[in-house]
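Here is what each chain is made of, one letter per residue.
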Amino acid sequence: MKNKVLTLAQAAALVPSGKSLSIGGFTSQRHPTALLRELIRQKIRDLVIYYHSAGSDVDLLIGAGCVRRLEGAYLADGVFAPVAPNFRRFAESQRVEIVDYSNAAMMARFTAGAMGLPFLPTRSMLGTDMMAESKTIAMNCPFSGESLALVPAVRTDFCLLHVQQATANGLLRIEGQEFLDVQQALAATTVIASCEELVDEAVLRKEPERNRIPAFAVHAVVPVPFGAHPHGVHNRYDYDPEHLRLFSAAAQSDAAFAAYLERFVFGPGSHDAYLQAVGGTERLAQLRPDAGLGYNPGLRRAP
Amino acid sequence: MKKAVCSTTELMAVTAAHEIRDAEVVFAGTGLPMLATMLAQRTHAPDCVIVFEAGAVDPRMLHLPMSVGDSRTLAGAAQAAGLFEIFNYVLQGGRVDVGFLGSAQIDRYGNLNSTRIGPSRQRPEVRLPGSGGSADVAALARRTIVIARHERRRFPERVDFRTSPGWIDGGETRQAAGIRGGGPAAVVTTMGVIRYREGTREPYLASYHPGLSAQQVQDETGFALDLSDAQETPPPGNEELAILRREIDPERIFLK
Chain A
176 MKNKVLTLAQ
186 AAALVPSGKS
196 LSIGGFTSQR
206 HPTALLRELI
216 RQKIRDLVIY
226 YHSAGSDVDL
236 LIGAGCVRRL
246 EGAYLADGVF
256 APVAPNFRRF
266 AESQRVEIVD
276 YSNAAMMARF
286 TAGAMGLPFL
296 PTRSMLGTDM
306 MAESKTIAMN
316 CPFSGESLAL
326 VPAVRTDFCL
336 LHVQQATANG
346 LLRIEGQEFL
356 DVQQALAATT
366 VIASCEELVD
376 EAVLRKEPER
386 NRIPAFAVHA
396 VVPVPFGAHP
406 HGVHNRYDYD
416 PEHLRLFSAA
426 AQSDAAFAAY
436 LERFVFGPGS
446 HDAYLQAVGG
456 TERLAQLRPD
466 AGLGYNPGLR
476 RAP
Chain B
3 MKKAVCSTTE
13 LMAVTAAHEI
23 RDAEVVFAGT
33 GLPMLATMLA
43 QRTHAPDCVI
53 VFEAGAVDPR
63 MLHLPMSVGD
73 SRTLAGAAQA
83 AGLFEIFNYV
93 LQGGRVDVGF
103 LGSAQIDRYG
113 NLNSTRIGPS
123 RQRPEVRLPG
133 SGGSADVAAL
143 ARRTIVIARH
153 ERRRFPERVD
163 FRTSPGWIDG
173 GETRQAAGIR
183 GGGPAAVVTT
193 MGVIRYREGT
203 REPYLASYHP
213 GLSAQQVQDE
223 TGFALDLSDA
233 QETPPPGNEE
243 LAILRREIDP
253 ERIFLK
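Chains as they are written, first to last, in the numbering used here: chain A, 176 to 478; chain B, 3 to 258.
Quick caveat, the hints were computed from the structure, so don't treat them as lab data.
C-beta atoms are modelled at their ideal positions from N, C-alpha and C, and glycine is treated no differently.
Do not take every clue at face value.
[Said to hold, decoys possible] Label-pair distances were calculated between CB atoms; the ranges are:
hint	chain 1	residue 1	chain 2	residue 2	range
1	A	Arg420	B	Gln218	34 to 40 Å
2	A	Thr182	B	Ser9	48 to 54 Å
3	A	Ser192	B	Asn90	32 to 38 Å
4	A	Arg475	B	Pro236	32 to 38 Å
5	B	Ser230	A	Arg244	29 to 35 Å
6	A	Arg420	B	Asp171	37 to 43 Å
7	A	Ala434	B	Ser9	32 to 38 Å
8	A	Gln185	B	Glu241	56 to 62 Å
9	A	Glu457	B	Gly95	43 to 49 Å
10	A	Ala452	B	Arg254	27 to 33 Å
11	A	Met290	B	Glu249	55 to 61 Å
12	A	Met290	B	Val7	51 to 57 Å
[What the hints assert, rightly or not] Some chain B residues well away from chain A (every beta-carbon gap over 10 Å; in silico):
hint	residue
13	Asp24
14	Ala25
15	Asp99
16	Arg145
17	Glu159
18	Thr202
19	Glu234
Sequences and hints are given; from them, build the entire structure.
If you want it as structure tokens, here you go:
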């Protein structure tokens, strides 16, 4: 079996400027954030991002000036960011192009891409102003006559994911919610997966019902413990409320965000140095989950 | 009866919880809907089934999630799925009884805007997060409950951008747009509860919160409300407040 293991720097170097990309995870969970920081270090520009429920993952790339165009549904992170701050600022100053769809529409678009279909019908989008501004087409079902909306497939050049376990060959196991990772991966030409833990193929093959993405769909595997920080990974570590608040505060202005990038991306220069910069083993231990729950019930989350 | 002293957020959470009936399938979003659904499940609706678009199905949450993707939505859950299952099988399949929505703007017919403020697509005055699952729930749940901060500028005659369809232009216009689900049943705001008349879908004030008058609510609303049926919002019970404060949000993440 092929060994697809790369370093963060090698994997990020696969992504040229100007390409289309989707990012796994959901708001504050399981984003491949270490990979995104490496894209920023390598000065990747003009990315086209397809997203459904993004948080400070996509907002990090926007604030670092890596994104030209966005097509998706939602960019925010609850109480940490009612609207993703870089997204808002870049939108209001016309520095990024945006096409809005609903989450179900983006789900249908990625699913169509993963299925090898050019579009899928949905009952969403009807009666919204997103219809006219996006590539959504109203139609009547040729069988029943019912009103439907057709949304075009998404195929991306790259999909970046972060999962709990992977084999060197690229078989991926996801614990907790899958979000839309499977469809996003299968709708991409090249899939780069970072993982908390590299495991033997024989281990994952003992329980095939728990594996989610086949090795033939995955092109690179990057073992990165705490690779989603400041986002959470079910059963591995919780999201880091202090850092998410710090991120959101920094993302309010270009100057403050440049300082954030210097402190947490360019300055540290590597993932290990980043983990030191966010508080090292002492802070990471505070995010350790309860074994039965998959998160840390004692984590202090209010400011 | 002794009235409990509570904050507006607490009153809204309890009022929203009362909209959930036992054994219903509830599609919940981040924030106040989480408080309302967790409270309903712990009080009058122990068999309500909570679903989150990120993938959790029928949890027995022990700790308040900060977003719908939070691992806390999986505590005691029946299933951990993903967007594909929730949007396709649960929501579009017609299995959601009640969905909760939030919004920056809401108009006369309960249409919601969570996309952008201002007339220009190219240069928005305020860029908002986008639909997320809001447009989907608005179109496909049997009924929706909207949570909103009540200010005149947030309650215009017509939203700047219709992200999520309510009753569109009233009357039969929602069905005419080809929408299958039920439409907005109630808007629980910081000032009261708005509902819609059968047939015309005109909005009326069902209740105003204690300490306010119906006219004060009208003054903060950018369209005419029928005030003829307005009553004072019933105060929360002491047990409901105790559960909210001690069990559900002791950190006061969403409760204010």
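For each hint, the structure was consulted:
no.: 1; hint: Arg420/A with Gln218/B: 34 to 40 Å; result: holds, 35 Å
no.: 2; hint: Thr182/A with Ser9/B: 48 to 54 Å; result: holds, 51 Å
no.: 3; hint: Ser192/A with Asn90/B: 32 to 38 Å; result: holds, 35 Å
no.: 4; hint: Arg475/A with Pro236/B: 32 to 38 Å; result: holds, 35 Å
no.: 5; hint: Ser230/B with Arg244/A: 29 to 35 Å; result: violated, 50 Å
no.: 6; hint: Arg420/A with Asp171/B: 37 to 43 Å; result: holds, 42 Å
no.: 7; hint: Ala434/A with Ser9/B: 32 to 38 Å; result: holds, 36 Å
no.: 8; hint: Gln185/A with Glu241/B: 56 to 62 Å; result: holds, 59 Å
no.: 9; hint: Glu457/A with Gly95/B: 43 to 49 Å; result: holds, 47 Å
no.: 10; hint: Ala452/A with Arg254/B: 27 to 33 Å; result: holds, 30 Å
no.: 11; hint: Met290/A with Glu249/B: 55 to 61 Å; result: violated, 44 Å
no.: 12; hint: Met290/A with Val7/B: 51 to 57 Å; result: holds, 56 Å
no.: 13; hint: Asp24; result: holds, 26 Å
no.: 14; hint: Ala25; result: holds, 24 Å
no.: 15; hint: Asp99; result: holds, 17 Å
no.: 16; hint: Arg145; result: holds, 16 Å
no.: 17; hint: Glu159; result: holds, 16 Å
no.: 18; hint: Thr202; result: holds, 18 Å
no.: 19; hint: Glu234; result: holds, 30 Å
In summary, the numbered hints that this structure violates are 5 and 11.
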